[in-house]
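Visitor: Sequence:
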Amino acid sequence: MEVTPLSASETAAIVLECARAGEGIVIGNLNLHGAYVFHTNPEFREFCESSDLVLVDGAPIAWAGRIPTTLRVGSTDWIDVLMPIAGGLRILAIGGTPDSSRRAELHMREHFPDADWTGVDGYRGTEMGSELRAKIAQAQVVLVGMGMPLQERWLLQHRDLLEGKVVANVGGCFDYYAGVQHLAPRWMGRFGIEWLYRLARAPRRLANRYLMEPFKLAGVLILRRAESRRAAAES
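Under our numbering, the first residue of the sequence shown carries the number 291, and numbering increases by one thereafter.
No lab work stands behind these hints, which were simulated from the structure alone.
With a straight-line Cα cutoff of 20 Å, these simulated SDA-like cross-link-like pairs (lysine to any residue) come out: (1) Lys506 - Ser518; (2) Lys425 - Gly312; (3) Lys425 - Leu396; (4) Lys425 - Asp406; (5) Lys506 - Arg335; (6) Lys425 - Gly377; (7) Lys425 - Glu313; (8) Lys425 - Arg380; (9) Lys425 - Asp450; (10) Lys506 - Pro493; (11) Lys425 - Leu446; (12) Lys425 - Arg310.
Use the sequences and the hints to build the structure in full.
Guide: Take a look at the structure:
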């Protein structure tokens, strides 16, 4: 699949410009976990293929595409650049637990009072009632952080309500702003080993993703390549 190598500053500038112009745009991202889900989940694949931008969010993806690490951008990277210049922007953040959603909203309102950040937890966000519809209608930017592939499924299901808005899947980034989770040290990011930090902090939750999925992905890719060669030989 195609990715869109952009820096955090470039991504934030696009978000700001499109949001203020009322120009709808869908921003996806791809890391190694996402690559596995892409090849095993049709809804996730549909979301990625229909996105306007797919950011490089993972060292293995950058290495595979020979993309400079300066163009490897996680959700918190571009949101951190966006918020200081987001005065007057109406941002709806859907995802996280009730507590982390509330704490992330408090963090944003305290540090960036000129921006209008509204949080809706992932439990209420799965129920499309009149209140949530009204909040979506008012928003210029909609960030959905429910984890892959739930957030992509949600975005596909409700795309009719999101026209004319900047939309992005952002994973668990609200937990970082809430102080529930902590980002790996920057130096680990430069070497592509943040996964070790995350694995050490949540081994039960992340062991399969970081220790097993890469081998599963390799198996899927080998199988797909063999099928392509067989089909080419038969044609």
